[in-house]
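K.L.:
Sequence:
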Amino acid sequence: MRNEKSTEAIAHAIRSRVFEHTIRNNGGYLSQACSAAEQLAFLYNEGLNLGPSTMPMIPPPFSGVPSAQNPDYVTGAG
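Here this note's numbering is used: the first residue of the sequence shown is 450, the next is one more, and so on.
Errors might be hidden in some of the hints.
Estimated spans, in silico, between C-beta atoms of each pair [unchecked claim]:
#1 A462 - N498: 28 to 36 angstroms
#2 Q488 - A526: 22 to 30 angstroms
#3 Q518 - N498: 25 to 33 angstroms
#4 E457 - D521: 28 to 36 angstroms
#5 R466 - Q518: 39 to 47 angstroms
Calculated directly from the structure, the hints in this document are not laboratory data.
Built from N, CA and C at the ideal position, the CB exists for glycine as well.
Go ahead and model the full structure; you've got the sequences and the hints to work with.
P.N.:
As structure tokens, this is what we get:
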């Protein structure tokens with residue numbers, strides 16, 4: 450599968466999204482996220498070979514918290 454965006458473009462998008470989040474929420478970990486943007490972009494775009502997803506894109510409805518009275522609870526551990 451060919452990458453549609455460059456690693457640099459993905460890193461820029463990460464920094465932009467973090468900046469918007471920080472402004473919208475009146476604070477956040479801007480410097481840490483911007484420092485990690487290149488590493489995350491490289492891993493996502495070039496370093497890791499994740500393959501296609503094996504789970505549905507939309508998860509099932511929330512089945513409740515774990516308890517002895519809730520037999521429908523799932524751990525999400527796949």
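K.L.:
Now tell me if each hint is right for this structure.
P.N.:
Each hint, compared with the structure:
no.: 1; hint: A462 - N498: 28 to 36 angstroms; in the structure: 21 angstroms, violated
no.: 2; hint: Q488 - A526: 22 to 30 angstroms; in the structure: 27 angstroms, holds
no.: 3; hint: Q518 - N498: 25 to 33 angstroms; in the structure: 43 angstroms, violated
no.: 4; hint: E457 - D521: 28 to 36 angstroms; in the structure: 46 angstroms, violated
no.: 5; hint: R466 - Q518: 39 to 47 angstroms; in the structure: 41 angstroms, holds
In terms of the numbered hints stated before, the structure departs from hints 1, 3 and 4, listed from lowest to highest.
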